[in-house]
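S.K.: Residues per chain, in single letters:
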Amino acid sequence: MTSSGGLHLKTFILIFFMILFGPLGNVSLSKGMKTIGAISLHQPADLLHVGVQILQSPFIWLGILLQLMFFVCYLLVLSWADYSFVQPAGSIAYAVVALQAHFILQEPISPLRWAGVCVICLGVLIVGHTSPRTTEQI
Amino acid sequence: MAWESVLLVLIVFAGTSGELCVSRAMKTIGEVHDFRPSSLLRVMVRAVQVPWMWLGVALMAVAFFSLLGALSMENVSFVVPVTALSYAAGALGGQVFLGERVSRRRWLGVLLVCIGVTLVFLGRK
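As they're listed, the protein sequences go chains A and B.
Position 88 (the first sequence) corresponds to 88 in my numbering; numbering is contiguous.
Position 22 (the second sequence) corresponds to 22 in my numbering; numbering is contiguous.
The set of hints was computed from the structure by calculation and includes no laboratory data.
In this text, a Cβ means the ideal position worked out from N, Cα and C, and glycines have one as well.
Don't take every hint at face value.
[To be verified] So, partial list: chain B residues that the calculated Cβ filter (under 8 angstroms) puts toward chain A: (1) 34; (2) 90; (3) 95.
Same shape as in the complex, but just chain A (with noise of 0.2 angstroms):
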């Protein structure tokens, strides 16, 4: 058993990586399959070949990597923290992919997505006020 103060703390560090590891993931297969290009399959060796040129990229791979990273955090906290904590505190991750977008990406981001942000992390802030776990281990 972890004192509280130890839970809470290890708590928002694995919650830290997801949000880091998960939306750099996702930046990475996407970039991945845009340098693929569109995807046309007429005949089942065309799968054969987009699957071979997928394999091929190293942001595909790094995108699973990083995929993989933020599943592995994902677990282990899920093993003390509560679901019902984890999962809204994990939709963070929407103000760290529009900081992104806005500082490295410089797209624009319109004023009613900058509200959503502000609204979900009012929401993470007050989940991140009530205990992680309420349950014991089953």
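Following the hints, position chain B against chain A.
M.R.: This is chain B only, laid out in the frame that chain A set:
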């Protein structure tokens, strides 16, 4: 429209119940204290031996392919905001299926997340 509705239900319910099953599998393993790579590997080996894990991953795969299917459809604009419902479904599922105590404060936070996610999708053009 009928097809889209089936996909929406699958995205929200298969996705949420998949994550709940995975969560249940990890709860049977119990709190991880040791974060050295070798012991993390042992935790993962134990995790893949829990049947709930396989059911959960299978359901999450169904949700993933339903989302791909929905995204390939013409009228996608209403599809993705509905996935915000997953957060409400998840809190309810955590309460019923995992016995978590979802306080009024946590419900309030979840509700705000649902609204926020909907706004984010509506604001994406």
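S.K.: State for each hint whether it applies.
M.R.: Evaluation of the provided hints:
no. : hint : in the structure
1   : 34   : violated, 11 angstroms
2   : 90   : holds, 4 angstroms
3   : 95   : holds, 7 angstroms
Hint compliance for this structure: hint 1 is the single one not met.
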